[in-house]
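Colleague: Starting from the known structure of chain D, arrange chain X on it as the hints suggest.
Protein chains in written order, with my numbering: chain D, 271 to 598; chain X, 79 to 412.
Any given hint could be a false lead.
Here are some chain X residues the structure puts well away from chain D; computed CB gaps all over 12 angstroms [to be verified]:
| no. | residue |
| --- | --- |
| 1 | T96 |
| 2 | A117 |
| 3 | S127 |
| 4 | K136 |
| 5 | D171 |
| 6 | R196 |
| 7 | Q198 |
| 8 | G243 |
| 9 | A305 |
| 10 | T327 |
| 11 | E354 |
Short, incomplete list of chain X residues facing chain D, as computed with Cβ under 10 angstroms [claimed, not checked]:
| no. | residue |
| --- | --- |
| 12 | L167 |
| 13 | Q170 |
| 14 | R173 |
| 15 | V273 |
| 16 | H299 |
| 17 | T325 |
| 18 | P345 |
Take a look, some chain X residues computed to stay more than 12 angstroms from chain D by CB distance [to be verified]:
| no. | residue |
| --- | --- |
| 19 | Y94 |
| 20 | D141 |
| 21 | V275 |
| 22 | S343 |
| 23 | S368 |
| 24 | E387 |
Derived from the structure by calculation, the hints contain no laboratory data. C-beta: ideal position from N, C-alpha, C; glycine also.
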Amino acid sequence: MQQPKDLLSAEHLTKIFDIRQGFSSKAFHAVDDANFQLVTGKPEIFSIAGESGSGKSTLAKMILGMELPSLGQLTYKGKPIANLSKKEKRSWFYSEVQPVFQDPFAAFSPLKRIDHYLFETVANYKVVRRSEADKYINGVLEEVGLSIAEVKGRYPNELSGGQAQRVAIARALITKPSLIVADEPVSMLDASLRMSIVNMFRKLKEENGVTIIYITHDLATAYYSADRIAVMLRGWIVEMGPVEKVLGNPMHPYTQNLKDSIPQADPDKVWDKTTNLAEMEADEYTRKGCRFAGRCPAVMDKCKTQEPPSFQHDGRAVKCFLYEDAVA
Amino acid sequence: MQGDAIVEAKDLKAYYITKAYGVERTVKAVDDISVSIKAGEVYGLAGESGCGKSTLLKVLLGDFQPPLTVVEGSVAYDFEGQTKDATKLSEQDKRDIRWNKVSYIPQGSMHVLNPVRRIQDTFHDFITTHKGTSKSQSYDMTRKYLRDLGLPEKVMRSYPHQLSGGMRQRVTIALATILWPKLIFADEPTTALDVVVQRGVIQLLKDIQQKEGSTVVLITHDLGVHANLADRIGVLYAGKLVEEAPTRTILKSPKHPYTQFLINSLPTFEERSAREGIPGRPPALDHPPSGCRFHPRCPMAIAKCSSIEPKMLELSPGHRAACHLLEEPNHAAA
Chain D
271 MQQPKDLLSA EHLTKIFDIR QGFSSKAFHA VDDANFQLVT GKPEIFSIAG
321 ESGSGKSTLA KMILGMELPS LGQLTYKGKP IANLSKKEKR SWFYSEVQPV
371 FQDPFAAFSP LKRIDHYLFE TVANYKVVRR SEADKYINGV LEEVGLSIAE
421 VKGRYPNELS GGQAQRVAIA RALITKPSLI VADEPVSMLD ASLRMSIVNM
471 FRKLKEENGV TIIYITHDLA TAYYSADRIA VMLRGWIVEM GPVEKVLGNP
521 MHPYTQNLKD SIPQADPDKV WDKTTNLAEM EADEYTRKGC RFAGRCPAVM
571 DKCKTQEPPS FQHDGRAVKC FLYEDAVA
Chain X
79 MQGDAIVEAK DLKAYYITKA YGVERTVKAV DDISVSIKAG EVYGLAGESG
129 CGKSTLLKVL LGDFQPPLTV VEGSVAYDFE GQTKDATKLS EQDKRDIRWN
179 KVSYIPQGSM HVLNPVRRIQ DTFHDFITTH KGTSKSQSYD MTRKYLRDLG
229 LPEKVMRSYP HQLSGGMRQR VTIALATILW PKLIFADEPT TALDVVVQRG
279 VIQLLKDIQQ KEGSTVVLIT HDLGVHANLA DRIGVLYAGK LVEEAPTRTI
329 LKSPKHPYTQ FLINSLPTFE ERSAREGIPG RPPALDHPPS GCRFHPRCPM
379 AIAKCSSIEP KMLELSPGHR AACHLLEEPN HAAA
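Just chain D, same shape as in the assembly (with noise of 0.2 angstroms):
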């Protein structure tokens, strides 16, 4: 068989929830027509940004397979996620597919040992003979900057943050996956921590060439670790491409006001503006025409009622109007 082009693709992926108020539902786009492929044998880090309530999640979880697209196309090396059966989820998918969650503590038992997990996904998975696991394992935790005998016989509550968030990692790592979808994996960490886990998520990509999607509110570290980003703005991607382009000179509004809001630790780089919040998130998801027309400094009319398409601009996707007639 051929081997397929794409590791993972997304075409016109949509997820409508509804929202039901007495009688009355109103359908809720969480995901709107998200299209985007990551290619085999080129592993990247591809970020996945946007504000609480964008849908970054939802994508993440249909990726997982935990949600079913309502909509649209999600393939993993050309197979549909949605029509994996149980077996192949279990004996092939998950193999090749691992989540690392945003809170390492809410992903383990407090009253398991942590290691435990560690030699359950051997066993689960068939990965090394019961005599090798020890050994099996050690080698991945280290790749993780752990050793065995740090964590062997420990439960989650004696690790710190960093710790126990690196073992989620090692334990996704024991299937050897080709794609790791992290899920806000450096929220809950300290500035200096969040540096060492995506400090090793660019040496997995690059040493042991697993491709991993980072969804992440933090502009920052998807802009020192990712190759490749998409903005998510209430269930719209509103701007993908090279991060250096998106991050380094944004152009959507939504990328421009996101990437503003960040505090920089420089007093000569305050803030000078205010800033206009979103009054509630449903009406967003919910309103006609560009979704952030409500809060957009250069909205037009045109704006209010129509859905700008996205346009090819300077090497990337801009779903804006103000990119109509720019040359491309």
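Modeller: Frame of chain D, contents of chain X only:
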């Protein structure tokens, strides 16, 4: 007490002392810290998790119970000439001072608001306790205050679960400041919020502080937030104050190696070259390292760092730091 100080801690030592099954354990979370916070300023406290920031705040707030014990030192409040020791408040004093004069904005706003009461009723509970107002008076006050702060009026009739995290945090800030306290303590008010909402919360805090000239003590590990809000910054490490200076000075020319690490470990948008986090992690405070507590992680440590504790040195007016390297000017850490 210094002339313009509103709260001043002197040689403060606060330890968690526990005794279980005959084993006594002392965690020195705040160890010999002196700070003086001036009326009308925003004072930032920075440092990694587990370095004593929140413990210091609890003691400054006068809200602590065993096992946390103040072993030595004092915390003096000064409200228009009326002085009080925060470590020895009576129950009556606490009731008089809290929310009226001293207020507290906690970290997880989601858990503060009563989930089964509308926001306006929570506000009424707070206001009536201190002012004895009727329901309609409380509602009027709340409506006016929310409008002043630019929050939508809709929130008054909402339940907490109907609001987003950022909105709940702003409501909590409004609740904590509606009685115009002189002194506001904020413990990581923006952690767990995303950047745009965080910016809104910081704007709100700044507005309130400037309108009433209140004093804010702000805890966060995010130096970017400090840069935008604080006038002065104190950096804590393992229960000790290691450096203190006006915001611009400390961010532009940090002197203590730990502060330098904190600032340099942050990624910026100027360059993507590899950056390292601070090696190792903060020590456990029941057996802190001898000498300078940072020496096991410090790349510039010299022999005496492991045995002699460095003294606080005044480097320039208002800028002090505790590091042996600064004692001899030619060795000064760049």
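Colleague: So, for every hint listed, does it hold in this structure?
Modeller: Do the hints match the structure? See the list:
no.: 1; hint: T96; in the structure: holds (16 angstroms)
no.: 2; hint: A117; in the structure: holds (23 angstroms)
no.: 3; hint: S127; in the structure: violated (5 angstroms)
no.: 4; hint: K136; in the structure: holds (20 angstroms)
no.: 5; hint: D171; in the structure: holds (36 angstroms)
no.: 6; hint: R196; in the structure: holds (16 angstroms)
no.: 7; hint: Q198; in the structure: holds (17 angstroms)
no.: 8; hint: G243; in the structure: violated (7 angstroms)
no.: 9; hint: A305; in the structure: violated (5 angstroms)
no.: 10; hint: T327; in the structure: violated (9 angstroms)
no.: 11; hint: E354; in the structure: violated (7 angstroms)
no.: 12; hint: L167; in the structure: violated (32 angstroms)
no.: 13; hint: Q170; in the structure: violated (38 angstroms)
no.: 14; hint: R173; in the structure: violated (35 angstroms)
no.: 15; hint: V273; in the structure: holds (4 angstroms)
no.: 16; hint: H299; in the structure: holds (5 angstroms)
no.: 17; hint: T325; in the structure: holds (6 angstroms)
no.: 18; hint: P345; in the structure: holds (4 angstroms)
no.: 19; hint: Y94; in the structure: holds (16 angstroms)
no.: 20; hint: D141; in the structure: holds (25 angstroms)
no.: 21; hint: V275; in the structure: violated (7 angstroms)
no.: 22; hint: S343; in the structure: violated (5 angstroms)
no.: 23; hint: S368; in the structure: holds (22 angstroms)
no.: 24; hint: E387; in the structure: holds (24 angstroms)
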